[in-house]
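Protein sequences, first through last, are from chains A and B. If you're matching positions, the first sequence starts at 1 in UniProt numbering and goes up one per residue. If you're matching positions, the second sequence starts at 1 in UniProt numbering and goes up one per residue.
You may find that some hints are simply not true.
Since copy identity is lost for identical chains, a pair holds within one copy or between any two.
Stated by the list, open to error - Only pairs whose alpha carbons sit at most 27 angstroms apart, straight line, appear in this in silico DSS-like list of lysine-lysine: (1) 65 / 31; (2) 110 / 94; (3) 239 / 318; (4) 48 / 110; (5) 112 / 48; (6) 110 / 65; (7) 112 / 65; (8) 112 / 45; (9) 19 / 65; (10) 33 / 236; (11) 215 / 236; (12) 48 / 19; (13) 48 / 33; (14) 203 / 215; (15) 236 / 210; (16) 45 / 203; (17) 42 / 203; (18) 203 / 236; (19) 94 / 42.
If you are wondering where the hints come from, they were derived from the structure by calculation, not from laboratory data. All of these numbers come straight from a predicted model, not from anything done at the bench.
Number of protein chains: 2
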Amino acid sequence: MSKKRLSIVDIANNLNISKTTVSFILNGRAKEKRISTDMVEKVLKYVKEVGYKPNSLAKSLRTGKSNTIGLIVEDISNPFFGSIARLIEDKAYKNGYKIIYCSTYNDTQKTKDMINMFRDRHVDGYIIAPPQGVEEDIASLITESMPVVLFDRYLPTIDTDYVVVNNQFSAYNATQYLVGQGYKNIALITFANDQTQMVDRIKGYQMALKEHGLKQLIKELPFAEDLTESITAFLKSRKGIDAVLFGTNRDATYGIKIMHSLGIRIPEDIAVISFDDSDAFELHSPPITTVAQPIEDMAEHIITILLDKLNNNGVGTKNQSIVLHTDLVVRGSSQPAKK
Amino acid sequence: MSKKRLSIVDIANNLNISKTTVSFILNGRAKEKRISTDMVEKVLKYVKEVGYKPNSLAKSLRTGKSNTIGLIVEDISNPFFGSIARLIEDKAYKNGYKIIYCSTYNDTQKTKDMINMFRDRHVDGYIIAPPQGVEEDIASLITESMPVVLFDRYLPTIDTDYVVVNNQFSAYNATQYLVGQGYKNIALITFANDQTQMVDRIKGYQMALKEHGLKQLIKELPFAEDLTESITAFLKSRKGIDAVLFGTNRDATYGIKIMHSLGIRIPEDIAVISFDDSDAFELHSPPITTVAQPIEDMAEHIITILLDKLNNNGVGTKNQSIVLHTDLVVRGSSQPAKK
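Can you build the whole structure from these sequences, using the hints too?
Okay, here's the thing in structure tokens:
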């Protein structure tokens with residue numbers, strides 16, 4: 001294991017002076033404590049010689065600040081969360097903060113564990129895309145006056161800052177677009193649970209179809225390791241589907257691979273729109289129409305809100321709910337072949 | 001800011017007993033210190049009532065262990081690093097470790113800063129995909145007997161554990177495959193610097209071409225925000241290229257988008273192979289042939305080596321250099337159109 005770092009006690013022993021004196025000098029309180037200039041010079045010279053570095057962990061115990069932010073995402077390998085994480089980390093670093101992160105895979109218990117571990121490590125604030133079931137844990141952070149910013153989804157019973165997109169309108173708008181292109185049997189294939197973003201996306205899809213008296217065709221997917229079987233079964237059993245809206249990039253990535261393997265042509269047989277833009281969708285032939293989230297803006301709002309709270313000690317800042325707007329990026333996958 | 005956590009001092013004051021007594025009881029040393037059972041019960045009862053949680057930060061100062069691993073990647077939003085990070089974090093969590101991470105973007109100064117910050121936070125070990133110029137910093141970690149595992153690339157002058165793939169053979173093999181398919185003007189478009197993985201990929205490409213007496217066509221890219229201009233200029237100026245090997249997934253993602261926009265057909269006009277597999281390459285029409293790195297194996301080796309060192313306090317464990325083999329995943333992008 002690591003050699004023992006030189007501590008204040010070591011310095012005091014080596015110079016044969018008191019630990020308190022060393023501590024006052026290193027913390028810039030020599031003048032206040034009427035310590036002689038000679039003594040200050042002696043200590044600082046020695047410290048420079050031996051290359052002592054103040055222990056920020058000990059400092060964090062004294063000040064209660066760790067300059068660390070806990071980031072809890074669903075899955076760091078998902079391009080949506082990876083891109084947000086990159087931007088948040090970049091902006092945090094420029095403001096002197098480090099990021100401790102974890103992926104939840106929507107596992108409630110893991111998320112609870114991580115919140116506790118982060119709390120024990122004295123993170124200064126939290127950025128969380130919460131699974132269900134962690135309301136109490138987050139409420140308890142807020143009771144302790146810890147800054148918490150939720151993103152991607154929020155918890156309806158918890159009053160805290162959050163940054164999300166207008167999921168309901170975005171799904172409504174994408175579905176409307178498909179109807180406008182002449183599609184009549186529009187399915188929604190989506191990861192489904194009680195998280196706000198997924199509930200809202202389903203609602204938006206339903207609203208658009210209701211408006212036009214069209215039938216709903218919803219395939220709800222579990223948050224499973226492999227979605228191949230359930231999507232394949234759905235696409236095989238439902239004849240006549242002419243368009244699919246995918247609720248997340250993960251659902252669509254599976255869906256498109258399965259369409260290829262089943263010989264379903266996009267858009268000739270089935271038109272496709274997916275939530276979340278990515279290189280995979282842009283590179284696909286034809287390129288996939290997407291509901292693009294404003295990732296840069298989301299990261300900017302998240303970090304700005306959090307830093308504001310950290311810098312003002314949360315005093316006088318009301319919680320903010322930021323709802324950003326998505327872009328429907330229309331590409332070849334949602335346009336009917338010309339007849 | 002957060003309300004003050006209840007400390008051992010608070011408990012001692014509230015119960016009107018000494019801080020040392022509380023500390024001995026909470027650290028399970030009551031018997032050893034001959035503290036009465038009554039006193040132990042009194043303290044534990046009180047602690048339960050007020051919901052005191054032991055401060056792991058303070059504990060980490062005592063024990064020197066933080067159960068935190070510092071992970072330093074090039075770019076968390078890159079699918080290669082995102083996937084590795086997910087697997088490492090998952091395996092670390094199952095072994096009771098958390099991950100603090102940062103992206104370097106190959107910025108030497110940022111990497112130095114982060115190593116120092118991680119050291120100040122008492123991380124127990126480091127997993128690093130190092131940029132150049134951090135040799136001294138890593139050597140100094142090793143001098144302090146800190147476990148350090150490098151991955152993706154290594155530092156030739158530093159003796160530490162690392163996990164990489166056989167980059168030279170992989171590039172040689174991919175280029176050989178293109179030659180075997182009948183291509184004669186094979187370009188290498190690649191992020192280029194002195195990092196071992198990039199040097200080896202270039203060498204492998206050169207070896208294959210030399211073997212067949214074919215001309216080298218290398219476009220070295222900087223690690224820039226946007227690669228559009230430099231790749232476009234290269235593809236426009238070099239007539240007669242019939243195949244391209246891309247050195248990284250990032251280079252290929254740009255390259256393929258640019259080929260689309262220039263009307264270059266894959267593989268009819270130019271065949272394509274890229275390092276690093278991803279959904280984007282699998283979904284592309286035609287799907288892109290890739291040199292797939294064994295990400296799961298890499299993560300497994302990295303975390304196993306690190307945990308071994310942590311558990312054995314590094315005693316008796318020699319450094320390991322793990323060189324894993326890639327797979328050439330042959331798809332439609334590298335097969336000449338039938339004539």
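Evaluate residue 110 and residue 65 at a C-alpha cut-off of 27 angstroms and name the case that applies: within, between, both or neither.
-> both (25 angstroms within a copy, 21 angstroms between copies)
Status of residue 42 relative to residue 94 across identical chains (alpha carbons, at most 27 angstroms) = For residue 94 and residue 42, the Cα distance exceeds 27 angstroms both inside one copy (35 angstroms) and across copies (48 angstroms).
Could you figure out if residue 33 and residue 236 sit no more than 27 angstroms apart (CA to CA) within one copy, between two copies, both or neither?
-> neither (80 angstroms within a copy, 71 angstroms between copies)
Copy assignment of residue 203 with residue 215, given that the CA separation must stay at most 27 angstroms | Only inside one copy: residue 203 and residue 215 sit 14 angstroms apart there, 59 angstroms across copies, limit 27 angstroms.
Under a CA distance limit of 27 angstroms, which applies to residue 112 and residue 65: within one copy, between copies, both, or neither?
-> both (22 angstroms within a copy, 22 angstroms between copies)
Since the copies are identical, ignore which copy is meant and state whether residue 48 and residue 33 lie within 27 angstroms (CA to CA) inside a copy, between copies, both or neither.
-> Close inside one copy (22 angstroms), not across copies (40 angstroms); limit 27 angstroms.
Have a look at residue 45 and residue 203 and pick one of within, between, both or neither, based on CA distance no larger than 27 angstroms.
-> neither (68 angstroms within a copy, 50 angstroms between copies)
When no copy is specified for residue 110 and residue 94, does a C-alpha distance of 27 angstroms or less occur within a copy, between copies, both, or neither?
-> So residue 110 and residue 94 pass the 27 angstroms test across copies only (10 angstroms; inside, 30 angstroms).
Please work out whether the CA atoms of residue 42 and residue 203 approach to 27 angstroms or closer within one copy, between two copies, in both situations, or in neither?
-> neither (71 angstroms within a copy, 55 angstroms between copies)
When no copy is named, should residue 236 and residue 210 be tagged within, between, both, or neither for a Cα gap of at most 27 angstroms?
-> within (25 angstroms within a copy, 51 angstroms between copies)
When no copy is named, should residue 239 and residue 318 be tagged within, between, both, or neither for a Cα gap of at most 27 angstroms?
-> neither (51 angstroms within a copy, 61 angstroms between copies)
With identical chains treated as interchangeable, where does the CA-CA distance between residue 112 and residue 45 reach 27 angstroms or less: within a copy, between copies, both, or neither?
-> between (47 angstroms within a copy, 25 angstroms between copies)
Of the numbered hints listed earlier, those contradicted by the structure are 3, 10, 16, 17 and 19.
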